[in-house]
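Visitor: All chains, please: the whole structure from these sequences, using the hints.
For reference, the chains in residue letters:
There are 2 protein chains.
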Amino acid sequence: MTEIDIAALDEVDTLASCRDLFDLPTQTIYLNGNSLGPLCHASAEAMQRVVSEEWGQDLISSWNKHRWIDFPLRVGARIAPLLGAAPEQVLCCDSVSVNLFKLLSAALALSKAQKPTILSHRDNFPTDLYIAEGLRDLLQQHGAQAELKLVATNALEAAIAEGPAVLMLTHVDFRTGRKLDMAKLTRLAHQHGVLVIWDLSHSAGVIDLALDDCQVDFAVGCGYKFLNGGPGAPAFVYVASRHLQQIKQPLQGWMGHKAPFAFNPDYEADLGINQLQTGTPSVLAMSALDAALSCFEGVSPADLNRKASALSETFLSLVEAEPALAELRLVSPRNPEIRGAQLSFSHDQAYPISQALIAAGVIVDFRAPNLLRLGFSPLYLSFADIAASVSILNRIIVNNIYKDQQFSQRKRVT
Amino acid sequence: MTEIDIAALDEVDTLASCRDLFDLPTQTIYLNGNSLGPLCHASAEAMQRVVSEEWGQDLISSWNKHRWIDFPLRVGARIAPLLGAAPEQVLCCDSVSVNLFKLLSAALALSKAQKPTILSHRDNFPTDLYIAEGLRDLLQQHGAQAELKLVATNALEAAIAEGPAVLMLTHVDFRTGRKLDMAKLTRLAHQHGVLVIWDLSHSAGVIDLALDDCQVDFAVGCGYKFLNGGPGAPAFVYVASRHLQQIKQPLQGWMGHKAPFAFNPDYEADLGINQLQTGTPSVLAMSALDAALSCFEGVSPADLNRKASALSETFLSLVEAEPALAELRLVSPRNPEIRGAQLSFSHDQAYPISQALIAAGVIVDFRAPNLLRLGFSPLYLSFADIAASVSILNRIIVNNIYKDQQFSQRKRVT
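Protein sequences, first through last, are from chains U and S.
Residue numbers for the first sequence, in the numbering used here: 56 to 469.
Residue numbers for the second sequence, in the numbering used here: 56 to 469.
To be clear, the hints were calculated from the coordinates, so they are not data collected in a lab.
It is possible that part of the hints are untrue.
Identical copies carry no separate label here, and so any pair may be met within one copy or between two of them.
Said to hold, decoys possible - EDC-like, lysine to aspartate or glutamate: derived pairs with alpha carbons at most 16 Å apart:
no.	residue 1	residue 2
1	K303	D192
2	K303	E188
3	K204	D321
4	K458	D403
5	K170	E58
Guide: Printed below as a string of structure tokens:
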């Protein structure tokens, strides 16, 4: 690929102008949007307004005046189209982990399976597994036969056929970027009477999701990765409308009550997606995410998906054209159809290489023991950024720059 | 009480200068800090810095560079002295409701009682009851004998003597401001082998708490009331150090793992208070609370308690001196020793009276069906504010101002 080819890709990029919505540091190519999305101007402005005017001046009246009270529903409604979900099935609240606990509990209660078994695979995102373990242990402490069954990814289909109560999967693997086949696995699960929960943390905002079309039962996802909602932004939760009136979730705080301000001692759940709320949501955190979602207005998930794939394909083509980069082993699928907006390479010097890249303005991350991870957000990356980052990577490898002592000293890794 | 008496109280008020730390609207007397604390300058500055510099410029490196990763522990450590708690027992995370679920589950597992019964009283804050119901229902769904027993407040002592597993109480009643005797009830519970969870949502920041001295087992509390952490600020959770190595809580997300970045599929809890963490905390929300806590530096809980009592006592004395105000019936205890930093009055026109007060710049709140609620924060209220607010209240009643139609139209109430 020549410079002219790259320029041509940028020329026809319909999302190119979205870059201007973001406040990225100068001289930086940010390939870490799969970990923490960057600040957009709209979020900075919203925070200023919400802090100084809404909280500072209007104080408690803002719950009505600025509709703070509807925030979880309003932000959920903004996320829904990115998930391929009709309205009133998505809510923004709490963290992925907390929301997953709600969904796992609700799904176990809803399931017609004889035993409360949760099926997942050992490569799932660890916090999802921890939460499932936590629920299992809680139930076992009180004498229930709850079980968490973890299998290898290639053994999932056979294990689904055994008919567990709930199948819990992450759509895009955080290490490798491998994307599971949502339509196929959901269909298979339903054939065996299994309810499915998908974690979309590395999918929302970059993949053309179709939750409704796939008849997904439940989903959760992250607000601070490709949705750019800010560090530790609230998460989202999806419940298919057909389940909304049947479910019951245990973290039933006042904000999920039908009439929270009646202050009745007995809980009566809201009948809609709002029943997934628990305590009072952070208005500041939710304002930043709400504003960040404005960057997706007028952008289709299909466009996002197409450009994210093209960015990572371009990166790979350029890497494959550089002989020195052959020592980086691709651990992501080579086929973009089964890959998220991420590439991971293994290298026994992955840590110093990642540090040398960061020092040169290419922000990537490292995952122990030997993974270099790169995220490809279609909203703020250009094809020229991709070409520049491969060129910098090549220079770091060819010139052994990463062997400089400053890059090998291990900092605390987040 | 004369104007001279009031001026004298302000003259000797050692907390008077704290008022300057806050960015209150002009011409406003804010008696609603029990619902939403106001913005302080430090929070506004912190938000600006964290958004623009830390998130905007330093991006992912901020987890280390700006110690985002330690936020829950650092903010917890700042709250601890306000609770009468030695360090390393307090953590800031999630909402009161979510944290209460963790503690209830942990306490039930830790209890030696034969049956998993939670005891509380029907006047407890509704969301606390909803969460206990939610846990009970979850356990019952899976065949456990869990029970939630609710009694009248005056029947608590007898019910404690029956030896339930866990006693869950709110220290200061959100309706009446009545304060329970923490030392006495905790001691009685322990005599009967009962573990105790206190909700300090209306206590922290205004009452001279002594969790360690009272040998409290567990506590939760709110960040957005008297701690002024911003709308929906993260909550806090306290676990007595003697229990830290024995407990297990089910919302065990990766942030509570001993080594979150090892990404092991099996959960291994942090041995300290950090095990109460679940998902990634909101850095924006926590920054605002962290900065707000700087307003408490150099201020002792005893001083806060003393001034808060003096403010509400002054308010009451002035009300009692106005014949027209006799139609307001005090539903809070008359004795300040058994009262939080709050006064509630019932009046069949409480709603229009509250609206007329707000229109006159005295921000109070209304709770259905007929309560006028006023909070007395010692950090930003002067005795002159108190005198002015009683004078305005008197004018509204004497002149029947609240009967104006503009005040009777019911807005949505939060």
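Visitor: Which of the listed hints are not met by the structure?
Guide: 5
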